[in-house]
Amino acid sequence: MTAETTATMPKPRITSTERTSAFWEAASQGTLLLQRCGQCNHMQHYARPMCVACWSPNVSWEAAAGTGVIWTFTVVGMPGHPAWRPDTPYVLAIVELDEGPRLMTNIVDCRPDDIAVGQRVVLRPTLQPDTNQTILTFALASNE
Amino acid sequence: MTRPGAAVVGVGEIAPRRTTPGVTTLEMIADVSRSAVADAGLSRADIDGLMVGPQVGETPQHVPATVAEYLGLEPTFADIVDLGGASGAGMLWRAAAAIDAGMCSTVLCVLGNTRDPQVVPRSPNRNPIREFDVPYGASGANQAYAMVAQAHMAQFGTTEQQLAQVPVKQRANAMLNPDAVFHGKQITTNDVLQSPLVMSPLHLLDVVMPCGGGAAFVVTSAARAVDTRHRPVHLRGAGEKVTHRALSQAPQLTTSPLAPAIADAYRAAGVRASDLDLLSLYDCYSIVVAVTLEDAGVCAKGESGPWLEEADISIDGPLPINPHGGQLACGQADLAGGMTHILEAVHQLRGTADGRQVPGAETALVTGNGATLSEEVALVLSGAAA
Chain A
69 MTAETTATMP KPRITSTERT SAFWEAASQG TLLLQRCGQC NHMQHYARPM CVACWSPNVS
129 WEAAAGTGVI WTFTVVGMPG HPAWRPDTPY VLAIVELDEG PRLMTNIVDC RPDDIAVGQR
189 VVLRPTLQPD TNQTILTFAL ASNE
Chain B
62 MTRPGAAVVG VGEIAPRRTT PGVTTLEMIA DVSRSAVADA GLSRADIDGL MVGPQVGETP
122 QHVPATVAEY LGLEPTFADI VDLGGASGAG MLWRAAAAID AGMCSTVLCV LGNTRDPQVV
182 PRSPNRNPIR EFDVPYGASG ANQAYAMVAQ AHMAQFGTTE QQLAQVPVKQ RANAMLNPDA
242 VFHGKQITTN DVLQSPLVMS PLHLLDVVMP CGGGAAFVVT SAARAVDTRH RPVHLRGAGE
302 KVTHRALSQA PQLTTSPLAP AIADAYRAAG VRASDLDLLS LYDCYSIVVA VTLEDAGVCA
362 KGESGPWLEE ADISIDGPLP INPHGGQLAC GQADLAGGMT HILEAVHQLR GTADGRQVPG
422 AETALVTGNG ATLSEEVALV LSGAAA
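Just so you know, the sequences run in chain order A and B.
Mapping of the first sequence onto my numbering: residues 69 to 212, in sequence order.
Mapping of the second sequence onto my numbering: residues 62 to 447, in sequence order.
In short, the hints are calculated from the structure, not lab data.
Values in this document were obtained by computation on a predicted structure and should not be read as measured data.
Each residue gets a CB set at the ideal place from its N, CA and C atoms; glycine is no exception.
Treat the hints with care, as some may be off.
Unchecked claim - Per label pair, the in silico range of CB-to-CB distance:
hint: 1; chain 1: B; residue 1: Gly163; chain 2: A; residue 2: Ala121; range: 34 to 40 Å
hint: 2; chain 1: A; residue 1: Asn211; chain 2: B; residue 2: Gly218; range: 24 to 30 Å
hint: 3; chain 1: A; residue 1: Asp198; chain 2: B; residue 2: Val117; range: 23 to 29 Å
hint: 4; chain 1: B; residue 1: Asp373; chain 2: A; residue 2: Gly186; range: 31 to 37 Å
hint: 5; chain 1: A; residue 1: Gly186; chain 2: B; residue 2: Val180; range: 39 to 45 Å
hint: 6; chain 1: A; residue 1: Cys122; chain 2: B; residue 2: Arg191; range: 23 to 29 Å
hint: 7; chain 1: B; residue 1: Val180; chain 2: A; residue 2: Gly106; range: 46 to 52 Å
hint: 8; chain 1: B; residue 1: Pro379; chain 2: A; residue 2: Ala131; range: 55 to 61 Å
hint: 9; chain 1: A; residue 1: Cys122; chain 2: B; residue 2: Gly163; range: 35 to 41 Å
hint: 10; chain 1: B; residue 1: Gly102; chain 2: A; residue 2: Thr85; range: 49 to 55 Å
hint: 11; chain 1: B; residue 1: Glu364; chain 2: A; residue 2: Asp166; range: 27 to 33 Å
hint: 12; chain 1: A; residue 1: Trp123; chain 2: B; residue 2: Ala446; range: 39 to 45 Å
hint: 13; chain 1: B; residue 1: Val180; chain 2: A; residue 2: Ala90; range: 35 to 41 Å
hint: 14; chain 1: B; residue 1: Asn188; chain 2: A; residue 2: Pro125; range: 16 to 22 Å
Claimed, not checked - Covered stretches of chain B, going by a simulated chain A footprint (3 or more residues, C-beta under 8 Å):
hint: 15; region: 195–206
hint: 16; region: 259–268
hint: 17; region: 309–319
Starting from the given sequences, assemble the full structure and let the hints guide the process.
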């Protein structure tokens with residue numbers, strides 16, 4: 069716990085690279101892109117120059133269905149970054165997609181008390197006002 | 062894995078404190094290095110190996126050369142170990158391997174850092190965590206350990222009350238350690254549960270207190286160790302496993318990479334959990350001790366909650382854990398915090414744990430944990446040579 073200034077600090081912008089920019093462009097259109105290996109069919113998130121299962125460089129983008137389950141989560145009371153203080157309490161979760169890969173995300177439009185490990189979720193992207201960038205958040209499938 | 066015949070022959074520590082005004086990291090390293098070498102009954106000229114850790118902020122690069130020059134050493138082997146909280150444990154078996162390989166004969170391993178609560182050193186990252194975790198408000202370590210705890214509770218029914226037994230019982234142990242930041246400050250289960258919910262299910266008192274401080278130890282061959290001041294403490298087995306950096310990429314949540322690392326360390330040492338007299342377990346969060354107890358085979362997978370409720374982990378109990386109070390009671394002096402688990406085991410195994418000696422302790426398991434149960438090292442130490 070650190071004594072940082074409590075002034076409203078803007079959220080930092082996403083730091084995409086030449087390889088990952090397509091991921092964030094698709095995100096702005098509401099699509100979650102994964103990589104599929106042309107050699108062994110392994111699906112992975114995030115983008116790399118090769119498949120982590122077989123090291124084939126033959127990887128290509130493929131849209132995910134945008135469905136999965138909550139692998140684990142936490143309700144954040146005291147965030148690690150001061151820019152998220154006004155958002156507390158918020159739900160941070162790792163979602164396991166039906167295609168297999170997992171990713172860090174937020175569960176939005178929910179009451180934190182309603183969240184549990186194993187619940188089904190669907191992609192519900194959020195446009196962050198601070199950055200004017202779209203992040204790939206999820207919502208409980210039961211709320212759809 | 063391999064079992065080079067090496068021993069820890071000297072230790073030094075600057076007790077953790079909340080702030081370290083007026084001193085630099087290099088000054089702390091000098092202080093603690095001198096005490097460790099003196100404790101071994103050796104001198105500067107005996108040190109021909111040096112292992113240091115990363116120093117965010119003060120010395121971003123060329124750390125071994127910077128430290129060697131500052132200490133007046135000219136080592137034939139100099140290296141940096143960057144395994145977070147496992148750096149100290151990682152140093153010990155690397156030092157043993159370097160000695161075994163003929164790269165040097167006596168290694169100084171040292172970690173330290175200053176702390177000013179007003180200054181939060183943030184590395185300018187450009188890596189996958191920065192790109193794919195930070196935009197969701199997932200900064201720092203608390204969130205990842207909270208998610209491991211949540212998964213453990215969902216899978217096994219572990220409760221917040223059970224996890225709270227780790228800080229409660231370790232604070233009780235620290236009643237015998239005047240150097241602990243929380244010496245004399247016993248807490249109850251209710252205190253833990255009523256402390257602020259940092260990230261569910263972890264409360265403030267489940268989380269380690271960041272401090273400044275330093276720690277060092279000296280490693281030499283078993284043959285040379287016989288001429289040193291104290292009873293040498295031998296490295297009997299070691300294991301290491303690194304699987305991920307971001308928690309979303311971890312192979313699993315409720316079994317950590319410590320499981321294979323500990324299995325390797327046991328195998329090399331020829332011991333099993335029931336042979337251990339002492340556990341010196343890395344404890345940045347209550348959940349880490351719970352998972353480690355299971356991964357070490359002290360209790361079955363998923364049963365650490367009930368085990369922690371029942372267990373007497375004091376020096377009078379059947380299997381003491383962190384008699385010094387662990388980092389949860391002592392405070393975490395950055396990377397040196399992890400090294401204190403080696404120092405405590407060394408004191409216990411050679412009989413110099415003043416006021417908190419575990420009677421007849423011969424064999425100890427020491428663990429180190431870095432990042433988010435990502436980079437793990439296990440050591441089996443013993444007062445007896447192999």
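Checked hints:
Between Gly163/B and Ala121/A, the C-beta spacing of about 39 Å keeps the proposed range 34 to 40 Å intact. Between Asn211/A and Gly218/B the Cβ separation comes to about 27 Å, which falls inside the hinted range of 24 to 30 Å. Between Asp198/A and Val117/B, the C-beta spacing of about 26 Å keeps the proposed range 23 to 29 Å intact. At about 35 Å, the beta-carbon gap between Asp373/B and Gly186/A stays in the expected band of 31 to 37 Å.
For Gly186/A and Val180/B, the Cβ-Cβ distance of about 41 Å falls inside the hinted range of 39 to 45 Å, so the restraint holds. For Cys122/A and Arg191/B, the Cβ-Cβ distance of about 27 Å falls inside the hinted range of 23 to 29 Å, so the restraint holds. Hint check: Val180/B to Gly106/A, Cβ distance near 48 Å, so the stated range 46 to 52 Å holds. Checked against the hint of 55 to 61 Å, the C-beta distance between Pro379/B and Ala131/A comes to roughly 56 Å, which is consistent with it.
One distance hint, 35 to 41 Å for the beta-carbon pair Cys122/A and Gly163/B, holds here, with the actual separation near 38 Å. Checked against the given bound of 49 to 55 Å, the beta carbons of Gly102/B and Thr85/A, roughly 53 Å apart, stay inside it. The given range of 27 to 33 Å is respected by Glu364/B and Asp166/A, whose C-beta atoms sit roughly 32 Å from each other. At roughly 43 Å, the beta-carbon separation of Trp123/A and Ala446/B lies within the given 39 to 45 Å, and the hint holds.
Between Val180/B and Ala90/A the C-beta distance comes to about 38 Å, which sits within the given range of 35 to 41 Å. Hint check: Asn188/B to Pro125/A, Cβ distance near 21 Å, so the stated range 16 to 22 Å holds. Counting residues of the region 195–206 of chain B whose C-beta lies closer than 8 Å to any C-beta of chain A gives 10; at least three are required, and the coverage claim holds. Remark: the region 259–268 of chain B is confirmed as covered by chain A, as 6 of its residues place a Cβ nearer than 8 Å to a Cβ of that chain, reaching the required three.
Check on the region 309–319 of chain B: 3 of its residues sit with their Cβ under 8 Å from a Cβ of chain A, so the three-residue criterion for coverage holds.
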